[in-house]
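Chemist: Sequence:
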Amino acid sequence: MSGADAGPQGRDPGLQPERTRLAWRRTTLSGTVVAVLAAKAALHGGATALSVLATALCCALWLAFLRIAHGRIRALAAADRPRPLTPPHAAAAALCTLALALCGALLVL
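Numbering (my numbering), first residue to last: 309 to 417.
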């Protein structure tokens with residue numbers, strides 16, 4: 309569809325909000341897998357204080373990301389034209405993702 313056919317706003321959103329909701333769900337699922345694998349790695353060779361702490365941190369980060377993602381999914385489902393993700397929420401989601409990856413890597417090493 310060309311820009312002239314897109315309507316008065318000049319943009320045809322199509323299924324973009326639905327695709328974005330699905331992307332948030334996939335990312336949340338990926339975080340869930342990381343948290344579960346972190347717990348498994350921590351318990352595999354015998355739980356040490358460091359592995360238990362890293363696992364607890366992974367779970368806390370996963371819960372924080374889950375809260376951010378669920379809020380965004382609800383916002384996308386509630387409106388035809390949802391508001392953009394605010395910079396603080398985007399930064400929090402990115403930091404949770406990076407910290408979760410670092411904790412997972414710490415458990416593997």
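Calculated from the structure, these hints are not laboratory results. Being a predicted model, the structure only gives us computed values, none of them experimental. Don't be surprised by glycine CBs; every beta carbon is placed ideally from N, CA and C. There could be a bad hint or two in this list.
Pair ranges (Cβ atoms, derived) [unchecked claim]:
{"id": "1", "residue 1": "353", "residue 2": "389", "range": "14 to 22 angstroms"}
{"id": "2", "residue 1": "392", "residue 2": "358", "range": "38 to 46 angstroms"}
{"id": "3", "residue 1": "356", "residue 2": "323", "range": "41 to 49 angstroms"}
{"id": "4", "residue 1": "367", "residue 2": "398", "range": "27 to 35 angstroms"}
{"id": "5", "residue 1": "327", "residue 2": "354", "range": "26 to 34 angstroms"}
Chemist: Determine whether the Cβ-Cβ distance between residue 353 and residue 389 falls within the hinted range of 14 to 22 angstroms.
Modeler: violated, 51 angstroms
Chemist: State, for the Cβ atoms of residue 356 and residue 323, whether the hinted interval 41 to 49 angstroms holds or is violated.
Modeler: At 47 angstroms between Cβs, range holds.
Chemist: Looking only at beta-carbon atoms, does the pair residue 367, residue 398 fall within the given range of 27 to 35 angstroms?
Modeler: violated, 22 angstroms
Chemist: Falls inside 38 to 46 angstroms, the C-beta gap from residue 392 to residue 358?
Modeler: holds, 39 angstroms
Chemist: Take the C-beta atom of residue 327 and the C-beta atom of residue 354, compute their distance, and say whether it sits inside 26 to 34 angstroms.
Modeler: Violated, since residue 327 and residue 354 (Cβ atoms, about 44 angstroms apart) do not stay within the stated range.
Checked against the numbered hints given earlier, the structure breaks hints 1, 4, 5 and satisfies all the rest.
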